[in-house]
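Spelled out, the chains give:
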Amino acid sequence: MILVWLIVIPMAAGLLAWIFGKSSNLFARWISVLGIGIDLVISIWLWIQHFAGVDPSRTESWLVQIKASWIPDLGITFHLAIDGISLLLIILTALLGLISVIISWTEIQRRVAFFHFNIMWILAGILGVFMAMDLFLFYFFWEMMLIPMYFLIGIWGHANRRYAAIKFFIFTQASGLLMLLSILGLYFIHHSQTGVYTYNYFDLLGTSLGGASRFLMLGFFVAFAVKLPAFPFHPWLADAHTEAPTAGSVILAGLLLKTGAYGIIRFVLPLFPEASMEIATLAMILGVISIIYGAILAFAQTDLKRLIAYTSVSHMGFVLLALFAFNEQATQGAIMQMICHGLSTGALFILVGRMQELMHTRDMDRMGGMWQNVPRMSGVAMFFALASLGLPGMGNFVGEFLILIGSFQANKVITIIAASGLVFAAIYSLWIIQRVFHGEQREEWKIPDLRARFIGVFAVMIIILVVLGLYPRPVIDTAKPSIDTMQKNMEANMQIDLESSGTANLSSDDWMIGVESERD
Amino acid sequence: MAAEDFTALMPLIILAAAALVVLLQSAIKRSHGTALILTCLGLAAAFVSMFYAADELPRQVTALLIIDSYALFFTGLILFAAFAVAIFGYNYLNLYLENREEFYIVLLLASLGSSVLVSSNHFMSFFLGLEILTVSLYVMIGYMRKDHFSLEAGIKYLILAAASSAFLLFGMALLYAETGTMEFNGIANAIGGLVEVKGIYILAGTALFLVGAGFKLAVAPFHMWTPDVYEGAPAPVTAFVATVSKGAMAALLLRYFIAVDGFEYTTILLALSIIAVASMFLGNILALMQKNVKRILAYSSIAHLGYILVAFIAGGERAVEAVSLYLVVYFVTTLGAFGIISLLADQEGEKFMLESYRGMFWRRPWISLAFSGMLLSLAGVPLTAGFIGKFFVLLAGVGTALWTLVIILVITSAIGLYYYIKIIATMFSRVELEAEQKPGALPVAGSTVLAGLTILLLYFGIYPVHLIRLIRDMVLAIS
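One line per chain: the protein sequences are G and U, in this order.
Per the working numbering, residue 16 is the first one in the first sequence, and the count goes up by one each step.
Per the working numbering, residue 106 is the first one in the second sequence, and the count goes up by one each step.
None of these hints come from the bench; they were simulated from the model.
There's no promise every hint is true.
[Unchecked claim] Below are the DSS-like pairs computed for lysine-lysine, each with C-alpha atoms no more than 30 Å apart in a straight line:
#1 Lys-82/G x Lys-503/G
#2 Lys-396/U x Lys-251/U
#3 Lys-82/G x Lys-182/G
#4 Lys-134/U x Lys-251/U
#5 Lys-182/G x Lys-261/U
#6 Lys-527/U x Lys-182/G
#7 Lys-261/U x Lys-396/U
#8 Lys-251/U x Lys-182/G
#9 Lys-456/U x Lys-527/U
#10 Lys-527/U x Lys-396/U
#11 Lys-261/U x Lys-134/U
#12 Lys-396/U x Lys-456/U
#13 Lys-134/U x Lys-37/G
#14 Lys-251/U x Lys-456/U
#15 Lys-37/G x Lys-456/U
Owing to the predicted nature of the structure, the values given are computational and were not obtained by experimental measurement.
Based on the sequences and whatever the hints tell you, model everything.
Structure, rendered in structure tokens:
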């Protein structure tokens with residue numbers, strides 16, 4: 016039941032904020048803080064209960080489940096479950112959700128009630144995505160988070176918001192429909208084999224798909240690659256991130272992009288192990304292109320927010336690279352990277368958002384020499400820029416390091432090229448610092464420095480990044496059981512597929528067995 | 106005819122009687138309110154009588170009509186739509202005309218015609234129902250007799266509908282010439298043994314038949330009348346044209362195809378596929394350029410009928426289920442959308458230009474939300490009924506491996522997203538605070554119906570179990 020509460024509480028808070036927040040903006044803000052705050056407490060409590068002091072080598076990876084009937088006539092259930100990976104992402108969602116409400120306190124002054132309704136419903140949708148274990152339900156949540164996000168960008172966004180919002184919506188909706196087709200294909204193939212109509216993830220796992228698997232996998236892959244976003248599915252990202260209000264950018268970069276990576280981990284790899292292997296090289300190449308292309312695009316921007324948006328393409332390229340390397344280190348690195356990228360990029364977006372709120376511009380050509388003016392803000396920016404470039408001692412470094420070690424075992428050439436992304440990251444990160452905070456002041460900016468509210472938010476984010484950088488065990492131990500299970504399942508699946516596929520494979524199998532027995 | 110026949114026919118009889126009662130009432134003393142109440146009572150009585158008729162199922166009444174659960178299901182849907190149109194029409198007519206009572210007479214007659222359509226399994230009753238419906242529609246579309254657009258739409262519809270009826274009749278004649286019978290089952294038996302020998306009559310007959318039906322359904326390339334008629338007709342009438350007249354024809358077509366097993370004829374299926382593809386593309390692409398909300402919805406309805414055809418082509422139980430479900434969803438959504446346009450009409454006229462919706466959310470939040478819900482449902486976004494409808498269509502398509510059609514459906518509905526979202530974006534766009542004056546209150550009855558439709562929209566979207574079961578219980582009887 017606790018999982019249902021995780022979704023229902025933000026939804027209820029959103030409704031309350033909207034209905035009763037019309038007369039009092041403060042009420043809308045506080046009820047939202049309360050709603051997502053409770054979620055944060057619950058999710059941390061779940062983590063303490065299941066992971067604090069628990070032996071990490073256990074085998075059962077699923078922690079909590081709830082299953083109820085929804086549309087039995089079609090085999091659709093309301094099935095939520097979490098494992099370590101979902102739990103980490105849920106904590107991240109609640110934390111970034113809370114932060115986005117807090118940092119919108121002064122930025123959003125119009126239609127406050129409706130704003131908080133949208134924020135809360137996006138968060139509820141994202142939480143649902145991380146928990147749904149029924150493919151229909153998953154698709155339901157997947158689409159549910161888009162509509163409030165569309166409103167968030169379209170109503171509270173900046174100058175070009177309408178274009179950005181529509182572009183975002185069409186990209187994600189269209190790719191989502193492809194995923195729906197794949198889900199239906201899977202459903203019918205499963206039925207033709209077992210005679211059971213079901214959308215349940217656990218039942219569908221292990222369906223042997225034969226030739227159809229490639230097409231079905233592509234449907235899922237495209238949907239997730241758009242969200243991730245991987246080259247060439249990234250064009251929506253820069254507009255959406257740039258035009259969104261700060262809270263929207265934080266949620267987009269910190270959470271929405273993660274749903275794409277999560278989808279690949281949870282659905283693409285386990286459901287289509289063979290087809291995933293087939294496109295592994297291609298996916299890794301797309302990852303590398305994203306890393307480098309994203310970095311180059313970032314470097315070419317003069318709009319600070321757009322620059323940060325493109326760094327997301329680059330960082331998420333690492334995640335894509337890692338996920339298709341199929342080993343534990345890379346996957347651990349990907350999860351680490353997801354969490355740390357969410358925090359560091361989120362923080363950078365908050366900084367830019369704050370600067371825009373005060374200066375009414377994001378143009379780097381008009382900034383410069385801000386350090387004298389706003390030392391606290393500049394120091395914080397320095398920290399997160401360094402985190403983003405992967406400086407040792409911060410979580411991002413651990414993530415990228417694990418990714419590179421892991422993918423090096425899978426594909427040396429691609430990984431070597433990918434490693435150059437670290438250099439690019441250093442260039443654009445330092446470029447931000449140099450152009451915005453150092454050098455001569457180009458215009459006489461008189462803006463207030465960070466106050467307690469922002470300092471508090473940034474302090475939390477800095478502490479988490481540093482702690483994870485020095486002691487990443489909590490994250491790694493939490494994700495480990497799920498990753499182990501995943502790999503075991505994949506190997507088992509490969510075995511089944513090998514057995515059931517044609518004679519050519521069989522003969523090579525025999526040959527391998529022959530070799531082994533000779534050795535004996 | 107036995108007493109049971111009358112019980113079975115009760116809904117149709119009550120509808121005809123209600124039209125007469127309203128006619129007499131307005132002859133004695135004109136009163137708009139009384140006419141509305143009598144109409145609603147008539148519709149309600151017809152609805153209640155369906156439960157009595159349900160005891161006699163399925164019953165063939167004379168050679169012309171079959172009252173089975175399929176017929177009753179769609180009759181119920183038609184009555185429901187007519188009720189909503191009557192309420193929306195009441196508010197709308199209050200604004201404009203002197204002679205308002207006749208509207209309800211033709212509305213009841215049109216409902217009668219459509220109910221005959223969905224209950225017919227004979228060419229005679231088919232044509233009879235169709236003409237009752239169409240002739241009533243001429244009047245309804247041209248009802249705003251002082252408005253040029255309304256008259257133009259009425260005449261356009263008259264000419265094209267008459268021509269399409271001619272096609273239909275000729276098609277029926279060819280089929281009759283070949284098979285010697287006008288009953289669906291009789292044709293099925295005759296065709297069963299004849300396909301190889303004299304297929305050309307059957308094929309030509311069916312082709313002409315499809316032209317006539319295609320006109321009513323407004324699928325490409327028989328869609329030309331749609332935008333003009335949608336735009337010119339009074340908004341409540343547009344709601345009726347978009348839902349009842351198309352729905353009844355789709356229901357009849359499905360019954361006919363199931364009866365004669367038309368899904369066995371690859372040529373016809375190919376033709377239907379081409380029509381479906383053309384409708385999906387044309388509807389969605391032409392809607393992109395429009396600045397008139399009624400025309401956007403007109404083009405979108407062409408696309409939606411294309412989606413329905415995709416499910417139709419799938420054939421078998423899945424097709425019946427998907428088409429019926431999609432029709433229910435489409436009824437709710439379209440009635441809601443045009444209902445909103447008619448509720449928003451004021452002394453200055455209908456608000457059908459996109460511009461007049463700018464920033465409406467900040468002036469009229471509730472109705473804007475309802476409209477957004479309707480549009481998102483048309484776009485097939487989850488949480489709304491439209492998603493469940495689209496889901497079933499895709500289910501039918503994927504289940505029978507119609508991959509080309511299904512992928513085209515996905516591509517075109519992605520295109521379609523743009524214009525639905527454009528309307529929503531316009532409603533939610535920021536306006537300067539000075540420009541926000543308090544708008545007048547909306548009519549109570551219309552708003553209540555609209556609220557009901559919106560609740561249904563969400564209910565079907567979130568928990569469609571009851572709808573699915575109802576459809577499985579009632580509609581699958583014919584397949």
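Could you tell me which of the hints above the structure violates, numbers in ascending order? 3, 5, 8, 11, 13
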